[in-house]
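Engineer: Residue numbers (the numbering used here), protein chains in the order written: chain A, 50 to 394; chain B, 50 to 394.
Calculated from the structure, these hints are not laboratory results.
Misleading hints may appear alongside valid ones.
Because identical chains cannot be distinguished in the list, a pair is counted as satisfied if it fits within a single copy or across any two copies.
Result set (EDC-like, lysine to aspartate or glutamate): computed pairs, CA atoms no more than 20 Å apart in a straight line [unchecked claim]: (1) K192 / E307; (2) K74 / E380; (3) K111 / E100; (4) K305 / E206; (5) K54 / E333; (6) K305 / E359; (7) K256 / D376; (8) K305 / D365; (9) K54 / D126; (10) K305 / E130.
Protein chains: 2
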Amino acid sequence: MALLKILGTELPIIQAPMAGAQDSKLAIAVSNAGALGSLPCAMLTTDGVHEQMTAVRAQTDKPVNVNAFCHVPPTPDGAREAAWRSALAPYFEEFGLDLDAIPQAPVRAPFSDEVAEVLAAFRPEIVSFHFGLPTPALLARVKAWGARVLSSATTVEEARWLEERGVDAIIAQGLEAGGHRGMFLTDDVTTQIGTFALLPQLVRAVKVPVIAAGGIADASGVAAAMALGAAGVQIGTAYLLCPETMISDAHRAALKSEAARYTALTNLFSGRPARGIVNRVMRELGPMSPVAPAFPLASAALAPLRASAESHGSGDFSPLWCGQMPDGCREVPSAMLTQDLAAGL
Amino acid sequence: MALLKILGTELPIIQAPMAGAQDSKLAIAVSNAGALGSLPCAMLTTDGVHEQMTAVRAQTDKPVNVNAFCHVPPTPDGAREAAWRSALAPYFEEFGLDLDAIPQAPVRAPFSDEVAEVLAAFRPEIVSFHFGLPTPALLARVKAWGARVLSSATTVEEARWLEERGVDAIIAQGLEAGGHRGMFLTDDVTTQIGTFALLPQLVRAVKVPVIAAGGIADASGVAAAMALGAAGVQIGTAYLLCPETMISDAHRAALKSEAARYTALTNLFSGRPARGIVNRVMRELGPMSPVAPAFPLASAALAPLRASAESHGSGDFSPLWCGQMPDGCREVPSAMLTQDLAAGL
């Protein structure tokens, strides 16, 4: 099977990289279970990447996937930032926080020469990208150490674009998926479609293997994705309650509650549309706000509100990333979850 | 197989009822092809129902499905109607139309004693409902002539509600589906999820057979739905280009164009969220407008704009219903399409 050759794994199952929700611990456990564990780097410093990859190499000899974002950092827009702060001002007042003392939050950084330099020493077998691909030079550098490259497509056009640029396999990210939409040739959310509709279109459109993502959370979902022509699956939300993640108590509680049945695409937490459980700030500002600064700048001003709310156990201002199939979340070791998912192959 | 017993058909495939887009012609052709043809009654007068059912009984001896809406007609709200007309006023001016001369348009009517009276004479084998179920008395009347009853669920709660009230099978309407969302226990669109996520949840939640709908448009989609636990499938959009439908030239052209890749839920055309191809009025007023009158009243004031635009071949003000899988639309006889879909069983 072509995809297994590319991934070098026993199972055509990828644990979706979930920046902020997991580190090497989950990746290691999943890779050791025969699937492909993923280490998200978008919110790590280069030192962090080094530390996490050191842990990976120490604790598994199986292939691992390193994931990076490759957005173009926006030019800060003073007027938009001001409008955003003004929208958030009532909350700062309510929480007794100072709007003029917003700290520099760590922002999601795109893949860079510096990160590639760190990674080159570890030669991760797989590198997956979100929001397109890095520059041709950076992509060539990744391939030069022997890595196979994956990226997400949300439309037929994106899949063709990625194939033309030499990716080894494409992740079809259906609209059910939690977290950030990988869309990069469009910012029009009306182009974003469900896994049932997207997957077979991509399978027809490209020759490289297509990996299904979005709404797949148990063995029957895996079986259905394979029936639709997927070469493999990428699964995120289902892993969120595993003991190897590091989500907040508020996120964990929300995932286990009825609230998880209500998700929406929102740009409030980062500036790009991402699927999360509807919470107070999404309800009150509208999940998609025209004043939220461009990705990834929206997160900075929200950070103090988030920290304050979370310190009281509240997820009212947190990104509660979640796909449309939270029923698949189980508080079991990720190795067990992986084996259960594999029953659908 | 339980569903085939219920439907009385050779194939567990239902042609989705599409009010305004088809009449008995499509239903007859599909039923004769071994699947279940559907006659939508929501926009028919009782005379129309009689005429169409007479045609059905004359042209096929196979089972047929009659579909009706069962919303509660709203109390007209003068302020909201005024706000709606005010939102539409610039278009009336542009088209040289008189906002004060809006004719009484035929509105979608809920299932009633009068319709039941007409249908009783024909004893349709299957009656499917959208937006819940009619009153217990009306439901009993339908069952009294031996009809099997189907209805759509968009959440686990709706599926359980329908099962408790005695439906014979439940249609799981995934978010990919074109046309009206069948949601009836909630008006919160954040509860609406993709077929991949919805279908297995409903299969687990109820004992009656579950029929998959939304994003299924070819044999591989049928196979995937069955793999997810569906007892059968309901397919709408794929039939829209068949010669037996009666869609407008503008709708046909849109379905065949790149525009069909851009769909959204919109309440502009009726007052309830329904999926259609993004067109001018959806772009300019926003696909979901808080000023659109309650279902089904929103359609009246739009009707003159729609008629005027369509007379020039434009779908700018028309409901261009379409699911997220327009690739499945083919200009072939519906019997041929049905046989091709059946290859996925």
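Engineer: A separate judgement is required for each hint: does it hold in the structure or not?
Structural biologist: Each hint, compared with the structure:
no.: 1; hint: K192 / E307; result: neither (44 Å within a copy, 35 Å between copies)
no.: 2; hint: K74 / E380; result: within (15 Å within a copy, 53 Å between copies)
no.: 3; hint: K111 / E100; result: within (18 Å within a copy, 68 Å between copies)
no.: 4; hint: K305 / E206; result: between (36 Å within a copy, 17 Å between copies)
no.: 5; hint: K54 / E333; result: neither (48 Å within a copy, 49 Å between copies)
no.: 6; hint: K305 / E359; result: within (17 Å within a copy, 49 Å between copies)
no.: 7; hint: K256 / D376; result: between (33 Å within a copy, 18 Å between copies)
no.: 8; hint: K305 / D365; result: within (16 Å within a copy, 44 Å between copies)
no.: 9; hint: K54 / D126; result: neither (45 Å within a copy, 63 Å between copies)
no.: 10; hint: K305 / E130; result: neither (34 Å within a copy, 42 Å between copies)
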